[in-house]
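Based on the sequences and whatever the hints tell you, model everything.
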Amino acid sequence: MMLPLATFTVAFGLAFGVAAIHAGITHWEAILMSMFVFAAPSQFAALELWTTPLPLLALAMTTMAIHTRHLLMSASLYPWLKPLPLLQQFGVIFMLTDSNWAMALGEYQRGERNIGILLGGGIALWTAWVIGTGIGLAFGGGIHQPERFGLDVIMLCFLLVIVIGGNPKLVMILPWLAAALSALLAYWWLPPYLHVLVGALTGGMVAILLPKRWYKAGIL
Amino acid sequence: MMMVAIGYGSRILGLLIMARIPLSPNIRLFIDAMSSSVLIAIITPIIVHGDGGTRFAALMAGAVAIILKSPLASIAVGIICAASWRWWFVT
Numbered sequence: 657m658m659l660p661l662a663t664f665t666v667a668f669g670l671a672f673g674v675a676a677i678h679a680g681i682t683h684w685e686a687i688l689m690s691m692f693v694f695a696a697p698s699q700f701a702a703l704e705l706w707t708t709p710l711p712l713l714a715l716a717m718t719t720m721a722i723h724t725r726h727l728l729m730s731a732s733l734y735p736w737l738k739p740l741p742l743l744q745q746f747g748v749i750f751m752l753t754d755s756n757w758a759m760a761l762g763e764y765q766r767g768e769r770n771i772g773i774l775l776g777g778g779i780a781l782w783t784a785w786v787i788g789t790g791i792g793l794a795f796g797g798g799i800h801q802p803e804r805f806g807l808d809v810i811m812l813c814f815l816l817v818i819v820i821g822g823n824p825k826l827v828m829i830l831p832w833l834a835a836a837l838s839a840l841l842a843y844w845w846l847p848p849y850l851h852v853l854v855g856a857l858t859g860g861m862v863a864i865l866l867p868k869r870w871y872k873a874g875i876l
Numbered sequence: 000m001m002m003v004a005i006g007y008g009s010r011i012l013g014l015l016i017m018a019r020i021p022l023s024p025n026i027r028l029f030i031d032a033m034s035s036s037v038l039i040a041i042i043t044p045i046i047v048h049g050d051g052g053t054r055f056a057a058l059m060a061g062a063v064a065i066i067l068k069s070p071l072a073s074i075a076v077g078i079i080c081a082a083s084w085r086w087w088f089v090t
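Chains as they are written, first to last, in our numbering: chain F, 657 to 876; chain W, 0 to 90.
If you're looking for bench data, these hints aren't it; they were derived computationally from the structure. The C-beta atom is built at its ideal place from N, Cα and C for all residues, glycine as well. You can trust all of the hints, since none of them are fake.
What follows is a list of derived Cβ distance ranges for each label pair:
1) W86(W) <-> L865(F): 42 to 48 Å
2) I66(W) <-> L846(F): 35 to 41 Å
3) L830(F) <-> W87(W): 36 to 42 Å
4) L865(F) <-> L67(W): 31 to 37 Å
5) I66(W) <-> W845(F): 33 to 39 Å
6) A72(W) <-> L841(F): 29 to 35 Å
7) I66(W) <-> G776(F): 28 to 34 Å
8) W87(W) <-> E685(F): 35 to 41 Å
9) L58(W) <-> A794(F): 32 to 38 Å
10) S83(W) <-> I864(F): 39 to 45 Å
11) I65(W) <-> T663(F): 20 to 26 Å
12) L67(W) <-> T663(F): 17 to 23 Å
13) T682(F) <-> I79(W): 33 to 39 Å
14) W86(W) <-> I829(F): 34 to 40 Å
Next up, the structure:
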């Protein structure tokens, strides 16, 4: 499943490369960003804010807000990473992205304990991402409307599939509804990007507050 | 440079925090629910504020994911749906 995903990621990177050109970023800046930041949403957000002089504070806040997600993600993988030496933990976690995290979590819940899935997937995605950015930069003028070809829904569909595909438990309906509702409200009335954090926390809280016997009653 | 620091920092911070908090059943439950709620929180506004093509793609991709249980098939279906929706209805 990783190879096709890497192909999609090349397409993503390509979209970023194209967008970077239109935002007036130099080629080497864009490629460096892909190599070291390695996070599509914050890179796209950075493009939005890319003016001279750089609004550093706004950029920092935005990046931080988007990356609260990674904080939650690496936290959720902690039981898995715990047996590894600290240095290896830090190495693996650099390769953490939405897609290989979601996949790794799915594998973990199915009982897989080989951390290589996370690392290997990460390296594949990283390579694909950097290559894609390069291609996008090289042929930037070519695709003007990636949404015309439906390329903008790749991320959405992927996340959706991960949620649904992970054998949803009936008991999760309430936490998920709460997460969706609170995320939407936060999206409308709170500063940008906070909705992810709000939704995640609400979902978690509701799951705790549910009667414990619901979990035991086999609707798990 | 700063984006690099924050990006990597947030990935590590999750680990460090978790290293200090013991995993009670409640916390496990919280994290479990949270990890899927993150995804829900990301996609809900996209779907609600998306155009027809986006919603159609989400609907079809979701249906395919439930029926076929194949991530790739549903992503492909999603892309095709979005593209063709916009092809027919957006000029």
